[in-house]
Amino acid sequence: MGTQLSRRKFLEIIGLTGLGAGGMAALAGCTTKVTPAAPSAAAIRAATTPASAATATAMAGMAMHQSSSDQSGGSADQMTPDQMDQSDADKIKQFLANMQSPITQGKGGLPLQYELDGDVKVFKLTTSAIKWETEPGKWQDAFAYNGMVPGPEIRVTEGDKVRVILTNNLPESTTIHFHGLTIPNPMDGVGNITQPPVKPGQTFVYEFVARPRGTHMYHSHIHSFPQVTKGLLGPFIIEPKDKSSYPKYDREYTLVLNDTVLGFTLNGKSFPATEALTAKQGERILIRYMNEGTMSHPMHLHGMPMLVYAVDGYPLPQPYYCDTLEVAPGNRYEVFVDATEKGVWAFHCHILTHAEGPDAMFGMVTALVVT
Amino acid sequence: MGTQLSRRKFLEIIGLTGLGAGGMAALAGCTTKVTPAAPSAAAIRAATTPASAATATAMAGMAMHQSSSDQSGGSADQMTPDQMDQSDADKIKQFLANMQSPITQGKGGLPLQYELDGDVKVFKLTTSAIKWETEPGKWQDAFAYNGMVPGPEIRVTEGDKVRVILTNNLPESTTIHFHGLTIPNPMDGVGNITQPPVKPGQTFVYEFVARPRGTHMYHSHIHSFPQVTKGLLGPFIIEPKDKSSYPKYDREYTLVLNDTVLGFTLNGKSFPATEALTAKQGERILIRYMNEGTMSHPMHLHGMPMLVYAVDGYPLPQPYYCDTLEVAPGNRYEVFVDATEKGVWAFHCHILTHAEGPDAMFGMVTALVVT
Amino acid sequence: MGTQLSRRKFLEIIGLTGLGAGGMAALAGCTTKVTPAAPSAAAIRAATTPASAATATAMAGMAMHQSSSDQSGGSADQMTPDQMDQSDADKIKQFLANMQSPITQGKGGLPLQYELDGDVKVFKLTTSAIKWETEPGKWQDAFAYNGMVPGPEIRVTEGDKVRVILTNNLPESTTIHFHGLTIPNPMDGVGNITQPPVKPGQTFVYEFVARPRGTHMYHSHIHSFPQVTKGLLGPFIIEPKDKSSYPKYDREYTLVLNDTVLGFTLNGKSFPATEALTAKQGERILIRYMNEGTMSHPMHLHGMPMLVYAVDGYPLPQPYYCDTLEVAPGNRYEVFVDATEKGVWAFHCHILTHAEGPDAMFGMVTALVVT
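Residue numbers (our numbering), protein chains in the order written: chain W, 1 to 371; chain Y, 1 to 371; chain A, 1 to 371.
Derived from the structure by calculation, the hints contain no laboratory data. Misleading hints may appear alongside valid ones.
[Claimed, not checked] Calculated lysine to aspartate or glutamate pairs in the DMTMM-like style (CA-CA distance at most 20 Å, straight line):
1. K161(Y) - D119(Y)
2. K124(W) - E153(W)
3. K199(A) - D82(W)
4. K161(A) - D119(A)
5. K121(Y) - D82(Y)
6. K199(Y) - D82(A)
7. K241(Y) - E158(Y)
8. K199(W) - D82(Y)
9. K121(W) - E158(W)
[What the hints assert, rightly or not] Residues of chain A clear of chain W, computed beta-carbon distances all greater than 12 Å:
10. Q100
11. P111
12. F178
13. R251
14. P315
[As the list claims (entries may be wrong)] Facing chain A, according to a computed beta carbon distance under 10 Å, are these residues of chain W, among others:
15. Q78
16. D82
17. M84
18. D88
19. K93
20. F95
21. V122
22. P200
23. G201
24. H297
25. L316
26. Q318
27. L325
28. K342
29. T353
30. A355
Fair warning: this is a prediction, and the values are worked out from it, not measured in the lab. All residues carry an ideal CB built from backbone N, CA and C; glycine is no exception.
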């Protein structure tokens, strides 16, 4: 689920991106008067060489005021154009601040440690009803595995023997379905079909061999609506036994898409509390999409195409390029991005109503920062 | 549209699945106390061999009570967790009962017999307004071809001369468009463009040569909303002239997806009145998806991947695997499933609100039963 | 954005399609009594030869009355079946009239001329709030580039140096994002991230080198909802430097899909004000789809399949055929259609509620006329 940036690392990025004094000033919260201007001769020259795109003016427009969006109040209809811009700028400021240190409490999708019982990897998941902060100050009633949304990431290798011990501390029954795995039927987690509901206070044990390789998910499969959109989901990654059979990459990110009960979220957070992806120029990154929501989300990355490599864990016979990938509920995709272009690249669902409110961006918006 | 199981056949399946006494008891309607437990050493061993997955405990949780869901009344908000579980279990019980003998009246998509007029295959379709039972006790106002929803399946061979005689007994005009067929323009069935509306009491005759091969549809093309979602649709299968050009398979199913007017349906029925698909372990099944609704439906099969072979009747240059296939309105897909895993595998639209109500599964849910 | 047909050309098409006296009478507005009848022996013979499909009876049902749909008033619920048919027929009549001369004011997507500044192609875009007529008499509050919806088409060649001068005459801020282009980050047009908002009365200059080749778009990227669905979008076509690397075709059309604020539109117009596509039998046409709306639209062409060649400007490793192509928001597709079949072929979004109202077709409906 991405990498939490240290302040040192963040400043290093700032330095590398050549954001310069204007950007630093913006991040420091001061107000910068911005006059739109034609790009310099240098900029247009830079534009002719793909990988050397100057990002000197990136973020230059982020004139940040101390006024919070709360003060503006009211809806966009009541706002002046300047207030609308300010509202948007305030959120961007929060998003950048989130790159330094979290602006909301709680982080989902953290790696889940296992214990070995002989040759069986034992993972423990406990459900509970919690309050989850999806954006600053917005605490919502959620259901969580191990207190986080998405639930912790389970990561094993093809062929591993796996045991998942579920303890249900919810006020209602639940089960776990391992979505995408080929699994013995009694372990498939469908309430009242392959197993009894796991009632409040009960424990259920799943055991199986991890297959096939790929990007999968686990989630509730009884009363799954609203349970899944309320937070009962997590990534289940099965790495290939023979790693040489998989393309090389430098870093990876998982993006769990969700909607409805907790709003439009990426990894359990709404913009501006979403986490940016980062890469160094020249790196290849792997992005694992998972849609746990109730709507298709066409994810659009600015600046660089995505190479669609696998769907639901199965490599495509021939990967293909696109810049917008519609991810349907239940689908997972593995895509590669060659981080050839420096800058802060917007990355969002292209259903505009999932990403843009009446006054500012919100919901399924993040950025890929290439330094 | 699948195979209606006889009671004998159903019991045979039960035997083959090794459901055992617990499952039989559940099916007989008695109450079984279920204590969640870790799988046995045998189970985890079984899990290591793909095709021998033990299904001994499959369905073991289906403790069935005689109380009907009608008695519980109220919404999920007013239910206790136990009542929610019971409501879900009651529906599963009904679904299993439907495998033995129909729990609703009416069955759509039955094969339509033709008469030969020289070398022309003559099919007769008559529209009428009917009451259609989509789930037990839920009778809805529908429009039907030959009294069924979906309309009867027309199945011919590439190159066949086909005549379809439409008699309209609806209270309003209609036409038939043969969706996916390459057809002379005057036979294309678009009201007021390629033909006059067929008014109440009138007859219209369509004649054409069947091409191209593949999974196609026929449906109304005037006042098509709401006519199509009200039931005026049916499968139109054109088998290849050279059958050796098509992959071999052991049995086939058609799944017509629909929504809106009659609710979320598979072949005109909502869970628990949907029909299960069945296969014997080792068989390859062909599933033909057709979306006649107004929303995309990502169909998810548990346990085994789908090999996507053809879209709209056109074989893909390279088939690919997935476990969730988004079927958009108007699209048809031909997918193959190798029934390698024994058990009762849930099979549903992964838009959870199309498959899971506040208290229990409903709508676009069925199962693939591998014995 | 298609070709505006002259009256001469239109009559030529009528002649070529063999619409004959009945069709001409219909187009002239007179009332034709239509008696449905079985096709003649000739028709069924014609049906056996793909490319010679008789279109003699195409449009024969379009009995057109002078009464306008306004006179009928009321909703479909209050209409008699004959009134419903008439309402539909009236709209078709308008659609056909639109092929002769525009039935609404304004046409979007016209080619934008550039000026050369040295070797830089300079395009000027000015935004303004306008009234836009999406269907006859339906004037809506829109935002436009250069007074049209969609904005004018920018068309350059891979590697061209491009300058776009944006002047904002809207009452609120805007920016331009060049969706699909690989571009220096400061030119990416994301308000408050890569540049400051362009406030009312301000000008901003974008400069970059055009790449990669393909079918792209430009649109607002601040307050983008509702700005984009209100009209701030346009096609951005980058032709390949080496044209021999691209398949040959005889004519091309762009179809910009949009929804929400201005309704369901193709190139800024709703049926019956949409423009028909035309082709001569034997021609190959290129269709460029772009979705600028907030919903996926499965576009269905009757009569002939589409060969899907490229997504988001990137050629697929292996093109594939379909007859219904779901275009998600943000995606672009390049598809080829071989115009083998003569006639008037309906062409529409297959989400029926985007194409069919209670009484008649509307919204995302047009036709491909092959003569």
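Hints, one by one, checked against the model:
1. K161(Y) - D119(Y): Roughly 7 Å separates the two Cα atoms, so the pair holds.
2. K124(W) - E153(W): The given pair, whose Cα atoms are some 12 Å apart, holds under the 20 Å limit.
3. K199(A) - D82(W): Distance ~8 Å between K199(A) and D82(W) Cα, so the pair holds.
4. K161(A) - D119(A): With a Cα-Cα distance of about 7 Å, the restraint between K161(A) and D119(A) holds, given a limit of 20 Å.
5. K121(Y) - D82(Y): violated, 56 Å
6. K199(Y) - D82(A): holds, 8 Å
7. K241(Y) - E158(Y): Within the cut-off at roughly 5 Å; holds.
8. K199(W) - D82(Y): holds, 8 Å
9. K121(W) - E158(W): holds, 12 Å
10. Q100: holds, 36 Å
11. P111: It holds; P111(A) is separated from chain W by about 24 Å at its closest Cβ, greater than 12 Å.
12. F178: Not fine: 9 Å to the nearest Cβ puts F178(A) too close to chain W.
13. R251: holds, 26 Å
14. P315: At about 9 Å from chain W, P315(A) fails to clear the 12 Å cut-off, so the statement is violated.
15. Q78: violated, 13 Å
16. D82: With Cβ-Cβ at 8 Å, under 10 Å, it holds.
17. M84: holds, 6 Å
18. D88: With a minimum Cβ separation of about 5 Å from chain A (threshold 10 Å), the hint on D88(W) holds.
19. K93: This interface hint holds because 9 Å falls under the 10 Å limit.
20. F95: At 9 Å from the nearest chain A Cβ, F95(W) passes the 10 Å test, so the hint holds.
21. V122: The hint is violated - V122(W) has no Cβ within 10 Å of chain A, the shortest such distance being about 41 Å.
22. P200: Because about 39 Å separates P200(W) from the closest Cβ in chain A, which is outside the 10 Å limit, the hint is violated.
23. G201: It is violated, given that the least Cβ distance between G201(W) and chain A is near 43 Å, above 10 Å.
24. H297: holds, 9 Å
25. L316: Hint holds; L316(W) Cβ to chain A Cβ min 9 Å, cut 10 Å.
26. Q318: Interface hint status for Q318(W): holds (4 Å vs cutoff 10 Å).
27. L325: With a closest approach of 8 Å, the L325(W) hint holds.
28. K342: holds, 6 Å
29. T353: holds, 5 Å
30. A355: holds, 8 Å
Violated hints for the displayed structure, listed by number in ascending order: 5, 12, 14, 15, 21, 22 and 23.
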